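Number of protein chains: 2
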Amino acid sequence: MTTNWVYRFDNPGSADNMLLGGKGANLAEMTKAGLPVPPGFTLSTSACHAFHEENGLTDSMVSQVELSIAWLEEKTEKKFGDPQRPLLVSVRSGAPISMPGMMDTVLNLGLNDETVVGLARNTQNPRFAYDSYRRFIQMFGDVVLGIPHYKFEQILDGVKDSAGLHEDQHMTAEHWQEVIAQYHKLVSKETKQAFPQRPMEQLKLAIEAVFGSWNNQRARVYRRINKIPDSLGTAVNVQSMVFGNMGHDSGTGVAFTRNPSTGEPGVFGEYLTNAQGEDVVAGIRTPKPISQLSQEMPQVYQQFTEVCDLLERHYKDVQDIEFTVEQGKLYLLQTRNAKRTAQAAIRIAVDLVDEGLIDYKTAVQRVDPEQLDQLLHPGIDPQAHLQLLATGLPASPGAASGMVTFSADEAERLARTGVKTILVRTETTPEDIHGILAAEGILTSRGGMTSHAAVVARGMGKPCVCGCDTLQIHERDKSFRIGDLVLKEGDTVSIDGATGRVLLGEVPLIEPKLSSEFEQILAWADEIRSLDVRTNADNPEDAAKARSFGAEGVGLCRTEHMFMAADRVPLVQAMILAADIEERQSALEKLLPMQEGDFYGILKAMDGLPVTIRLLDPPLHEFLPNLEELIAKQAQLQVRLQYEPQNHQWQQELAEVQVLLAKVKNLHEFNPMLGHRGCRLGMTFPEIYEMQTRAIYQAVAQLIKEGFHPLPEVMIPLVGHAEELRRMRRLVERVAAEVRVESQVDFLCIVGTMIEVPRAALTADEIAQEAEFFSFGTNDLTQTTFGFSRDDAEGKFLLQYTSEKILPENPFAVLDAKGVGQLVAMAAEKGRAVKPNLKLGICGEHGGEKESIAFCHEKGLNYVSCSPFRVPLARLAAAHAALKI
Amino acid sequence: MTTNWVYRFDNPGSADNMLLGGKGANLAEMTKAGLPVPPGFTLSTSACHAFHEENGLTDSMVSQVELSIAWLEEKTEKKFGDPQRPLLVSVRSGAPISMPGMMDTVLNLGLNDETVVGLARNTQNPRFAYDSYRRFIQMFGDVVLGIPHYKFEQILDGVKDSAGLHEDQHMTAEHWQEVIAQYHKLVSKETKQAFPQRPMEQLKLAIEAVFGSWNNQRARVYRRINKIPDSLGTAVNVQSMVFGNMGHDSGTGVAFTRNPSTGEPGVFGEYLTNAQGEDVVAGIRTPKPISQLSQEMPQVYQQFTEVCDLLERHYKDVQDIEFTVEQGKLYLLQTRNAKRTAQAAIRIAVDLVDEGLIDYKTAVQRVDPEQLDQLLHPGIDPQAHLQLLATGLPASPGAASGMVTFSADEAERLARTGVKTILVRTETTPEDIHGILAAEGILTSRGGMTSHAAVVARGMGKPCVCGCDTLQIHERDKSFRIGDLVLKEGDTVSIDGATGRVLLGEVPLIEPKLSSEFEQILAWADEIRSLDVRTNADNPEDAAKARSFGAEGVGLCRTEHMFMAADRVPLVQAMILAADIEERQSALEKLLPMQEGDFYGILKAMDGLPVTIRLLDPPLHEFLPNLEELIAKQAQLQVRLQYEPQNHQWQQELAEVQVLLAKVKNLHEFNPMLGHRGCRLGMTFPEIYEMQTRAIYQAVAQLIKEGFHPLPEVMIPLVGHAEELRRMRRLVERVAAEVRVESQVDFLCIVGTMIEVPRAALTADEIAQEAEFFSFGTNDLTQTTFGFSRDDAEGKFLLQYTSEKILPENPFAVLDAKGVGQLVAMAAEKGRAVKPNLKLGICGEHGGEKESIAFCHEKGLNYVSCSPFRVPLARLAAAHAALKI
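Protein chains in written order, with this note's numbering: chain C, 1 to 885; chain L, 1 to 885.
Worth flagging that the hints you see were computed from the coordinates, not collected in a lab. Because the structure is a prediction, the values reported are computed rather than measured. Each statement offered as a hint is correct.
Any copy, or any two copies together, can satisfy a pair, since identical chains are not distinguished.
Cross-link-like lysine to any residue pairs, in silico, SDA-like; alpha carbons within 25 Å at most:
hint, residue 1, residue 2
1, Lys830, Ala817
2, Lys204, Asn11
3, Lys665, Gln800
4, Lys663, Pro625
5, Lys590, Leu571
6, Lys192, Gly81
7, Lys818, Lys830
8, Lys329, Tyr301
9, Lys339, Lys884
10, Lys805, Asp765
11, Lys420, His377
12, Lys663, Gln800
13, Lys859, Gln822
14, Lys75, Leu330
15, Lys665, Glu582
16, Lys663, Gln634
Using the sequences and the hints, build the whole thing.
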């Protein structure tokens, strides 16, 4: 049996996304629904695999394509290469998961030196025919033959210059013929062959190019960022051409059935008259809003809105539609579920429930948790005094400030050194993706709401202002001009993607207000999820903020930040530098009331909810001056005293530096991450943990007296052996008992541990006997399991590891299920085997990442804990996880 | 039914070590064999447990003791408290595993103000009676009543002074009576009660004190060092006294049935006439060799040698015997298997096989692998010019040099900072154990071959010279004098424990020669063991040395040491500081022939045996100058240039320092242990691994051409993800293929990996697909599994962790079976599940530690690899492991 590689749009089988790609399946579905789709056929993703395996098209593919072209010729009553009625087709990629702009497309295929004459004659529009032909040569030359795009542009500019013209639309048929002649020469020179004239040869080459483009670099980068498997492959869609550039009753556009930025109902989109689709997507001409079509072509507009409604009801989701009007007749070229901002996703999901199209569980699944992050990004303070430079299109919401940079590479380089940038470009191309990823925000001078920059930025949740045409960008000078003002690379600007404003300098940002739809989606998510969501918060403000976002407790309160406050550092240093335990006790006694105040505040803010407080974790030298600075200072003073031996002040200073240096050197560690920290501090300096425990329970006693319900859970960090926890637990229980007696207040004393070194996971059965809860510290657990420190790895080799796919993901971003996750699962199982009610949570950064949250749900953890701003995300991700199983 | 707490020596049951303790069981066995043992009885270890549970003696214990005393009174025809024929007893501890000197003993119990008169009359020796009584009060006061020993000494010295006497043996009965009177006053003052006069009360108190002494500090320390469980408990032996101090026809001694230092046949030991046993053990008087007894008391000597022979045949092992001669009659007080040096253990084991007493498997088990280390310790070069200071007793073999120190605490403190010390003491006590452990060697001015220092040092395999009485030690001045020479703390001396020599300064050491018995034991071990033993060696000399010790290959050849050679450092630095890959390649090309030479040498030395070569592992900054030094240098130069801005040399130097500093800072890591090292280097700088691989296989090709059989195994370090190994393996295979073509020589290319981060163990099934062998790097695996770095932990908290038993052992010394071992077992199982013939080895330091070797045997590893000097130990330990299962 011969494999079927080719499927006509009207083929009676079901439209399978994986086989036909998203675009092919949709075209087939639309065709079968009787919508006005130009006829065509799809080469399946299986053909793509076979192509890559065989390193080319197989004979059976070619013969099936030839048969399908014959069918198409019959259907359209046109013929490949027929000068009378030439058949022209588009050749487009279409993967199972949409990758807009990532792969190649060829339009107007079938034109050659003869058919162009026929096209001109039949349409009575020679200018259009020669324009189409030159577009085809240009696109084919670029995509299929690999001739650099700028070489075609040079020819075009040369002809325009000698004709004294500036705009393409003023070019005549003769001008285009001149261009075509020069293009032919260029192709012959570059490829050592004439431009292929046989349409079938053109078609085979184009199909090969599209299949080949699955593996071009920008497509691979896009897939990596968007987590699309390399194994999917792309389909190729061959479709008879319709023309939006056949005069002023023709046009082309892209529209959404609802606003993809805000989610507001009503058709939303853009079109250009007398243009082909590429003109809209590429952002070269700024298009008109779709509403204007109702005036320019009222009947077409009427038909289009009806089609939109039909499609939305059919797919039960907002559609992103490409259409063309050819001499007053509407054609749909593509429809797909629309990408949307988080705000739009939420609004649309809630509206679709209200409209009865979907149920609430589906609505919850329609919102990508990662996207929520955008909504929680700060906006610009409306009270702030702003220096408005210009206004562009509000292409992707959110506000950002950063250093102006003009290249994606530079943006990436600066991001690695921690510098925030705004990437400023005339327009962006798929080659800029890494820069868009690295920048805080994107600003372009050309292109509309569906331009490349806008689409990509929205997908990434980056602020973006597009089509800001008052900007004059001089890439070579690394500067841009707005009116009289010249800004250079390194200057700071801000953008507001919600309003399109471009502002001078850095601006003050404020927290966003959340919509009622947002609250609705999260309320539904709360009904669905079984995982609790807590927050990581070290102070009452963060705790309150997180509580307002729905946090159900604090999963990690780090006490070291409390030690870093300016007024405490001298006390903390005195405690560390203490010569003996008495001196240390006296410093600790001064810290006690401060710590008590810290805990009082946070327990009050979280009244009635559990608050997991981790006792001091970092090595003590973190609180002392830097070793290298002290060494430099000592060296300087020693030399100064060689020159001025009698300087008493320096003698004094040197003596002080040397005392401090000795202590710092004594505390210095080769590998602080693996050093004297966590409960190892508690074992060697029990007085520190005693002070902290006392502060916690004195605050508890006070709050209970005031009528509150504090629920602290004391967490011992870095336990590797059950004995450590046993001793630290006894310490905490002893101090709690003391405070109970002193305060005459009764309260619970709950002690648990972090699981953050492999040994703790491996011996979780022993450790569980001493613990009332486990909290997985997956940051440290990832470091110890992989044996690399995040600080060193991210700067030195991890980027290469993820970009070259040595590791599938950055394990600090997405929990490594196979390695680290295996330890988490093992600890959960061993722990619960000993203590079935053992409470399990995660407090590493993974607690706010959706895949990791799904993992935690699957392994039966009780809660995840994340930063306050990721609490809504975690609530939603937990619901997704619950729906998945 | 009443529990039986008390067992008479002649009780007919079997002599159970666990119940009666070693001493009690032996006394029972000897009694039943008809040997001349003074009658007595044993309170069992069960009684000890009950005592600790009940916090005192129970009524049933007391009544059983009373019954047994009645039996003893009948047997000896003496009576407790009877002034006519007083019964006197000794009360001694005796645990199931011998702990010499660790617990308390009371002699002469039963004496009081009345019975002493009777004893004096009956023995016609008032001096002896009063001396015994004062000894009893003194010992009882110290051990039972807790009165400091020195207070008794003060009284004794006072009486001696006023009598104008220097030696105890010149004291008369009247002098002792004066001492006793003052002792009574001291006891009344210290305890607010008179010295107990009722023997039964004395006995109960003494039994309680001995049971209590199981938990005194020095006993606990001893058990920790010797890995004796705390749960064993001790028995108490109550035995009627015999007296070695009843005149010149009496005496007491300690003897071994063979020489415990050399293993030579023949009775070996020491005795003192007119003395009690404590005098010998405490080392206060220097005793006479046992051979002298044949002249002093020929009949006793004859009987004693017969008893020795009988005991050795009975126990099938060398015995350590305490005996007393009371007025010409021989009594045996104790026998036990003798502690012995490694040399003696080997000689004795082989001799006993020759004599038909034991089989060769038993012989192998008779030698403790840890002890072998002693034999492999270097001795003093006989060619060396030595400055002999003095000669003492050769108490424990081996030679050592170190700084003189006079206190155990100081020795321990210095050891922690890496300073080697010789602990110099008049005599050592159980309180000095930690110092003996920390010092390189022990030198005492008093005490014999069975003194505390000698016994403990031999057990630990430390060189020791005892009884070197020309030394005058002034502890207060921290100095000692030999003749006119005064040496102070901090001066360096050397000792030779094999000859007893004490030498000035540091001395050159040489390798030991191994006896034929040593070879015999190891040959037997080789027959028994299934684990292979390889060595860790980085150069041909070490490899050859290890091969001579029986190594069956190299398990770890570290290539970084090859980079540290003085002539290579500039090239290595040039390679690291290279601005681009071309510069780096050029530096690598210069290193290539050197590396090739390294591998040529080591593969040749190991001709026909496998050599596992680990590609470069440490982070590159280890080869560059120290960051702190550069910072200090920069600071100094900057200040100098402020004072002398025109100094060109300094300007030049500063510029150079700054360039270097920038690079060093760039390579600097927060946690080098978890940084850019191992295969992460190979991934980012593949040219380094390519050079190393090329060097290996070029050496292989050359050796094959020369007729050798090189068997390299290339090991990729620090793999955490299978993909790392896959890529590095492809690199190695590619270079190997290149060399095959270039050299026209065919050879195998074997690639494997270290398992040294937890993730590698957790995903060993994936990694095994790319590996031909796993080598467990348990040093790093311990660090990452526990999450502590050895460098930081050992200096900061690990000592406290092991001494307070938070951890049962230092996990860097003994493999942590529960945590790290769990990963080893998991990796072995997962790896073998995928690849049943996967070769498994261990190359961490644990590869040379006996318990860890037993673990490796149990988990089915193929080999262990250890430092050359531990190869014999590992062969023996592997045999022990095989015999155990």
